[in-house]
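Residue numbers (the numbering used here), protein chains in the order written: chain A, 1 to 292; chain B, 1 to 416.
Misleading hints may appear alongside valid ones.
[As the list claims (entries may be wrong)] Each computed DMTMM-like pair below joins lysine to aspartate or glutamate, with the alpha-carbon atoms no more than 20 angstroms apart:
1. A/259 <-> B/222
2. A/284 <-> B/30
3. B/242 <-> A/290
4. A/2 <-> B/225
5. A/182 <-> B/74
6. A/2 <-> B/223
7. A/259 <-> B/74
8. A/2 <-> B/222
9. A/258 <-> B/277
10. A/259 <-> B/277
11. A/182 <-> B/68
12. B/241 <-> A/172
13. B/235 <-> A/205
14. A/286 <-> B/240
15. B/350 <-> A/290
16. A/5 <-> B/222
17. B/245 <-> A/172
18. A/258 <-> B/74
19. A/196 <-> A/172
[As the list claims (entries may be wrong)] Here are the computed distance ranges between Cβ atoms for each label pair:
20. A/286 <-> B/209: 32 to 38 angstroms
21. A/132 <-> B/334: 54 to 60 angstroms
22. B/193 <-> A/182: 27 to 33 angstroms
Treat the hints as calculated values from the structure; they're not laboratory data. Every residue gets a Cβ at the ideal spot worked out from N, C-alpha and C, and that includes glycine.
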Amino acid sequence: MKELKILAVIATLVGITYYGIEPYAHHVMHPEVKAADFTFSDLKNVDTKLAGNVTNGQVLVEANCIACHAIEKAGHPAMMPNADAAASYGVVPPDLSHAGRMYDKNYLANFIFDPVSAMHLSHKYPVGGTKTFPMPSYNWMTGQEIMDVVAYLQSISPKVKEGSEANKASFEAACGRCHSMKYGQLEATTPVDTIKTYMGATPPDLSQYIKSRGEHYLHGFINDPQVLLAGTSMPRVGLNEKAQEEVIAYMEETGDRKKAEREATGINVMIYTFIFAMLAYLWKRKIWSEVH
Amino acid sequence: MAEFKQADSLYEWFDQRLGIDKFVKVMMTEYWIPKNINFLWAMGVLLTVMFTILLVSGIFLLMYYKPDMNMAFDSVNYTIMQEVGYGWLFRHIHAVGASVVFLIIYIHMFTGIYYGSYKKGRELIWISGMLLFVLFSAEGFSGYMLPWGQMSYWAAYVITEIFGGIPVIGGDLVVWIRGNFYVSDSTLTRFFMLHVLLIPMAILGAIVVHFYALRFPHVNNEEGEFFDFDKEADKYLAGDKKGSKVVPFWPVFLSKDFFVLGFFLLFFFYLTFFHYDFAMDPVNFDKADGLKTPAHIYPEWYFLWSYEVLRGFFFEIAGVSGKSLGLIAFAIANAIFFVMPWLDRSPMVKPANQRPYFKYWFWFLIADLIVLTVYGKLPPTGANAWVGFVSSMTFLVLFIALPFITKAEAKKVGGK
């Protein structure tokens, strides 16, 4: 009984200390911010209820987009090698093959209407400023036309097998133009010097971000970087919830590759240790019965 | 030379040459420990086991770790964590073990203070134990730098910077410790040497001294009772096992320790596999960058209380800068426990709760250390800075008051 009391005192003191230096300190240093919004409800320039016309969308895309963007899946290869494209635009323009699958419909429509406001980058590209975003606004298109483009992009988006394949594809399409993933043998498609000039700083390698930032932080950060890191030049990329989960899953597969092995081994080690502890207890009882 | 007769067995052959029988008696079966003890008396064995676990996991990590500022981070986070079979296991055990070992050290240390196990002949046990605490601190600090993450770098930067406050030699001393004007590759390689060679050797030596220092004054017991160990041992050997106040180290004492160890390891492995963030700070998974200061810099949890004593003095008092005052207080905080046996002027060797005045001092100290630890991590702004100042002052005042409190206690209990 007395020993249990001592144990309770120690557990209480350790518990208070732990609470102070972990959950409490974390809460003070990283205050809760507003939750991720996967409907991008702040964007209202385009009426997304309009049903898009795929055939008309194709005409519009071929007339307006493929001069800069590759759409490999629809038979439009890149106009020039990555390094040249990066040198021309500042960053390699994205291949639009996966756009319909990965980006939220509302975000995509409003992005076409005005990229800078959709990305939350007006601090970097202020109206009337010296810098302009490489892609122009298509605010001269009607809402119907924009929705036609969106419908076309959604229609050509390839079916990707769920799991590792989709995770990697989403990461490459959403992050891979700026960020490298050394532990996954992925190098940013925009050359490092070019991207540094374009962004103002070299975008970090993301190999260990699943550990250094953690899933919770990434969940909010990718959805809207400005909420957690005001003033950053990283754009809001507009991933839908599923695509964002795939991106984070890929970061975990690469950055914490042994997670499954760790958890399985952990259970076995704890069962083994528990058996050891019980045997030790029985042995102790036997030995001490002779001296008490 | 002694005469040797033909040995009848391999065991006897060795026994003739090494005195195995006698050695086992002296070290194990006739090494006497008081019977009146609780599980807190198992902490020494727990620490021995933890040190062994750290040593073995460290040896495995050493096979793949690269002490070079360009390679260290990836050698830990990629090679060891992802490529080497079960490399992650050794890293987790080593990192979590380094943190948990301090938890046990603190329990061990405050058990000693609570039961008065540092006086009346036990002074050298205490001092060698404190020496081990300092060595483990140096080992923990040097090891934390090796993964070359952001917190490795900046904690090393801040802590080495502290030495710059020492008058006259400060500036040169910092450069001498770092091997450069800033924390750099030369700092990493020398900390690597300290971590894997010099300090572990010193720890092994200090452990031997610590164990040996226990031999003559004997282990304390739950009531602080002094008795004749030889007489009690004779009683035990004569068969009066229940009447004797002592038990042999093997198997009786160790059987209890193994039981405590079993449940401790269950807790330890839970942390290792499922709850390791507290010991493997997320910030340290960003590679060290000398141009990018993290928003919050803090040492590992076991240094927080003394770090807060250092930070606690943030304003000038009587013409002495806050930085200097903090440094003085920090130096005192790290040295003061060594002289516990002489600050405690009461002859009582009893658990704190049976001592009329000391009990208040003890629990006050524990509370203050917890406050210091928690506020050592929080940003030192606004009210936090004042909490830090008050708790740092409290710490110093407690130790200034200790001789007077214990003197008064001695008077009250009349030299008992």
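Hints, one by one, checked against the model:
{"no.": "1", "hint": "A/259 <-> B/222", "in the structure": "45 angstroms, violated"}
{"no.": "2", "hint": "A/284 <-> B/30", "in the structure": "18 angstroms, holds"}
{"no.": "3", "hint": "B/242 <-> A/290", "in the structure": "7 angstroms, holds"}
{"no.": "4", "hint": "A/2 <-> B/225", "in the structure": "18 angstroms, holds"}
{"no.": "5", "hint": "A/182 <-> B/74", "in the structure": "10 angstroms, holds"}
{"no.": "6", "hint": "A/2 <-> B/223", "in the structure": "13 angstroms, holds"}
{"no.": "7", "hint": "A/259 <-> B/74", "in the structure": "18 angstroms, holds"}
{"no.": "8", "hint": "A/2 <-> B/222", "in the structure": "11 angstroms, holds"}
{"no.": "9", "hint": "A/258 <-> B/277", "in the structure": "16 angstroms, holds"}
{"no.": "10", "hint": "A/259 <-> B/277", "in the structure": "14 angstroms, holds"}
{"no.": "11", "hint": "A/182 <-> B/68", "in the structure": "18 angstroms, holds"}
{"no.": "12", "hint": "B/241 <-> A/172", "in the structure": "73 angstroms, violated"}
{"no.": "13", "hint": "B/235 <-> A/205", "in the structure": "70 angstroms, violated"}
{"no.": "14", "hint": "A/286 <-> B/240", "in the structure": "17 angstroms, holds"}
{"no.": "15", "hint": "B/350 <-> A/290", "in the structure": "28 angstroms, violated"}
{"no.": "16", "hint": "A/5 <-> B/222", "in the structure": "14 angstroms, holds"}
{"no.": "17", "hint": "B/245 <-> A/172", "in the structure": "72 angstroms, violated"}
{"no.": "18", "hint": "A/258 <-> B/74", "in the structure": "16 angstroms, holds"}
{"no.": "19", "hint": "A/196 <-> A/172", "in the structure": "19 angstroms, holds"}
{"no.": "20", "hint": "A/286 <-> B/209: 32 to 38 angstroms", "in the structure": "35 angstroms, holds"}
{"no.": "21", "hint": "A/132 <-> B/334: 54 to 60 angstroms", "in the structure": "59 angstroms, holds"}
{"no.": "22", "hint": "B/193 <-> A/182: 27 to 33 angstroms", "in the structure": "28 angstroms, holds"}
When held up to the earlier numbered hints, the structure conflicts with 1, 12, 13, 15 and 17 and fits the remainder.
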